[in-house]
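*Asks:* As given, the protein sequences belong to chains R and Y, one line each in that order. For the first sequence, numbering that gives the first Met the number 0 puts the final residue at 407, and the numbers step up evenly by one. For the second sequence, numbering that gives the first Met the number 0 puts the final residue at 407, and the numbers step up evenly by one.
Hints may be right or wrong, so weigh each one.
[Stated by the list, open to error] Reference listing, derived: stretches of chain R covered by chain Y, where coverage requires no fewer than 3 residues with Cβ under 8 Å from a Cβ of chain Y:
hint, stretch
1, 19-27
2, 214-227
3, 258-270
Since the hints were derived computationally from the structure, they do not count as laboratory data. Using N, Cα and C, we set each Cβ at its ideal position, and we do this for glycine too.
The lines below spell out each chain.
Number of protein chains: 2
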Amino acid sequence: MTATLQLVLALALVILAAKAGGYAATRLHQPAVLGELLVGLLLGPSLVDMFHIGPFAGGHTDEIIYELAEVGVIFLMFVAGLEVDIQEMLKSGKVALFAGNLGVIVPLVFGTLVALMFGQELYPALFVGMILTATSVSISAQTLLELGVLKSKEGLALLGAAVVDDVVAILVLSVFLAITGTGDTARPVWLVVVLMVLFFVVAILFAARFFAPLTRFVDSLPISEGVLSFVIVVTLLFAWSAEVVGGVAAITGAFIAGVFFARTKFREEIENGMHTITYSFFVPIFLVSIGLRANIRDIDANGLVFLLALIVVAVLSKVLGSGVGARLGGFDNLGSFRVGLGMISRGEVGLIITTIGLNAGLVSSEEYSQVVIMVLVTTLLTPLLLRWAYSLTRRPTARAANTEIGGQ
Amino acid sequence: MTATLQLVLALALVILAAKAGGYAATRLHQPAVLGELLVGLLLGPSLVDMFHIGPFAGGHTDEIIYELAEVGVIFLMFVAGLEVDIQEMLKSGKVALFAGNLGVIVPLVFGTLVALMFGQELYPALFVGMILTATSVSISAQTLLELGVLKSKEGLALLGAAVVDDVVAILVLSVFLAITGTGDTARPVWLVVVLMVLFFVVAILFAARFFAPLTRFVDSLPISEGVLSFVIVVTLLFAWSAEVVGGVAAITGAFIAGVFFARTKFREEIENGMHTITYSFFVPIFLVSIGLRANIRDIDANGLVFLLALIVVAVLSKVLGSGVGARLGGFDNLGSFRVGLGMISRGEVGLIITTIGLNAGLVSSEEYSQVVIMVLVTTLLTPLLLRWAYSLTRRPTARAANTEIGGQ
């Protein structure tokens with residue numbers, strides 16, 4: 000079978016499995032995202048190992064699926080950005096700053112301490128701490144979308160805190176690499192800061208000033224699906240430049256693009272089209288691929304203990320750090336707890352940092368597998384915990400959360 | 000730059016270039032598809048060679064783009080199938096049979112004769128003839144969609160003839176491989192016929208019987224973008240089984256899926272969603288990638304003469320064969336001419352046959368490049384010629400073509 004036919008079959012199976020898993024989870028009153036993640040885990044090397052059996056053996060369809068998943072997470076964060084009202088989000092600026100910063104510092108300190116306890120040296124131990132700093136908000140955003148509360152006060156604070164967290168985590172990593180002289184292409188700290196600020200300023204100014212007139216212009220041209228093509232191109236370019244120019248995560252760029260396209264008069268058309276593209280094709284691939292990449296068989300007894308410690312620290316340090324941050328920012332206890340829970344899930348930024356550590360010799364290959372499992376477990380736990388936290392009710396005096404139905 | 004960032008940038012550039020090229024062509028009163036193909040040619044190794052310069056050098060982003068293009072052509076043929084009324088199409092059955100069969104026989108004979116004239120031996124010469132047999136109707140379908148005449152009598156005859164042509168071309172190849180004993184996995188002729196018939200019967204019966212109730216069922220479930228995900232999964236599976244089980248082109252399976260989904264009550268929802276996905280993302284990639292794969296610098300003076308002969312035979316033999324076939328089927332001169340022109344473009348089936356010949360030692364690597372260029376030239380010529388043929392008017396007595404606006 001040719002590579003194309005392998006890909007066609009794999010896409011069909013992955014999307015079918017994702018939707019079936021999501022549906023099963025929904026029937027069990029769980030978020031769909033949980034079912035889609037678990038289906039991926041079952042199809043992966045932990046059980047079925049779909050890419051190494053039958054028609055897929057010997058091909059590299061898995062690589063293409065993983066690349067499409069990366070495009071999927073970019074589109075997902077764009078859609079999350081579309082849902083956000085920037086005015087509302089800025090209101091949560093104080094909470095976002097506190098929750099984001101403490102959500103970096105506490106995991107960094109706790110992660111380092113745990114690694115030191117397991118006998119690691121200072122630099123590798125600090126690296127374990129840094130791996131735990133970066134939240135991946137896409138799973139939380141997806142869960143909040145499903146729950147219809149992404150645009151609530153807590154949802155917006157969470158999204159803001161994740162952006163702050165992303166920026167601070169990258170800054171911490173850059174400082175570490177500069178001080179220790181690790182990493183071949185490490186930029187000096189001042190350059191990291193300058194480029195990051197430059198990216199945010201240019202991206203936001205450009206988006207605020209030019210998205211509306213450019214979209215209107217493209218819409219006036221006789222181009223098939225012109226507006227959506229334009230949105231896709233701009234989103235991909237924002238994602239690319241966020242990482243290449245700004246040094247932050249690609250999803251941060253996609254998120255900014257979404258926030259500002261929501262302010263144009265084409266919001267509804269863009270939302271309909273991108274929702275279709277994202278949820279019928281790319282997001283199922285992204286969610287299943289997370290499970291596909293993990294292998295729970297990789298971990299032996301010793302590794303299991305460290306892994307468990309890693310997971311416990313990953314969960315507790317974010318709940319504590321971001322939760323206390325949100326409380327200091329003015330949220331009530333339940334709201335702070337929900338923000339803390341929403342920050343638990345780790346993802347691509349954590350994996351990117353781990354890869355840098357692997358290349359620099361600060362992270363062993365066994366640790367790499369453990370980090371992947373940790374990412375998966377936090378990703379599995381986050382929707383469960385968030386859903387549970389949203390089933391808790393405030394005392395009657397508290398203001399009800401905005402429950403407008405989101406993208407689901 | 001990571002593979003993912005390369006892909007993100009490449010996707011943005013390819014989609015942007017495609018839409019810009021399509022718009023430029025539209026401004027010059029040419030079909031958009033022509034501009035998108037030419038932009039691909041300019042970005043490819045013939046001029047810019049984008050995948051071997053700057054950020055893409057050394058990666059394999061090009062492979063992923065090509066695979067996405069293959070998914071794109073499947074979606075494109077699905078959308079073409081959606082546009083088709085099966086009752087109307089069956090009315091053109093006689094024309095389709097004549098035009099399809101003569102559209103295989105004439106290019107086979109002429110192609111073989113020309114190759115013999117250029118000093119090739121019998122088997123390789125016969126293979127040149129076979130390469131010229133298989134029409135790729137996707138470019139013609141796209142052009143007719145843009146012109147708003149896909150659902151005209153001629154458009155339907157063209158689509159039917161292309162399906163017949165696909166089946167007959169594969170049968171001829173199978174007979175040839177069986178008789179000459181070429182090809183490792185060559186199936187015996189009876190098995191080829193049985194599997195082909197089996198695929199068509201099972202696919203059509205399944206689609207006619209189960210598409211409507213299954214789509215209704217999926218629509219009733221709480222699944223995000225459930226109907227569209229279901230349509231995508233089924234289309235991919237039909238495409239896959241067409242080639243793997245039926246031995247015909249994957250696009251034939253996608254086309255059948257489109258024809259039968261159009262008969263469900265979800266037609267409009269499916270059409271809107273698939274149009275968005277296809278035209279904002281996959282089709283631009285498909286059209287640009289055709290040009291990206293060709294290299295006009297590959298051809299030396301001697302090769303140029305054979306290439307020119309190949310192109311002339313490719314064009315004339317289809318116009319003559321399918322045109323005369325349509326005339327025998329009862330079309331008037333202009334209608335027959337248009338059907339003949341619509342059959343000119345070659346594509347993936349021709350390239351698949353060429354690859355089989357390459358592996359069997361019947362096609363040289365130079366010939367392979369020539370075939371790619373021939374495919375590209377016929378693909379460039381077809382929209383130009385079709386557009387010109389639709390600018391010709393019938394005498395007042397002739398019935399006007401159905402000019403309902405199609406997918407553009």
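*Asks:* It remains to establish, for every hint, whether it holds in the given structure.
*Replies:* Here is what the structure says about each hint:
A count of 3 residues in the stretch 19-27 of chain R with a Cβ less than 8 Å from any Cβ of chain Y is obtained; the coverage claim is therefore met, three being the minimum. Counting residues of the stretch 214-227 of chain R whose CB lies closer than 8 Å to any CB of chain Y gives 7, so the stated coverage by that chain holds, three being the minimum. Only when three residues or more bring their CB closer than 8 Å to a CB of chain Y does the claim for the stretch 258-270 of chain R stand; here the count is 0, and the claim is violated.
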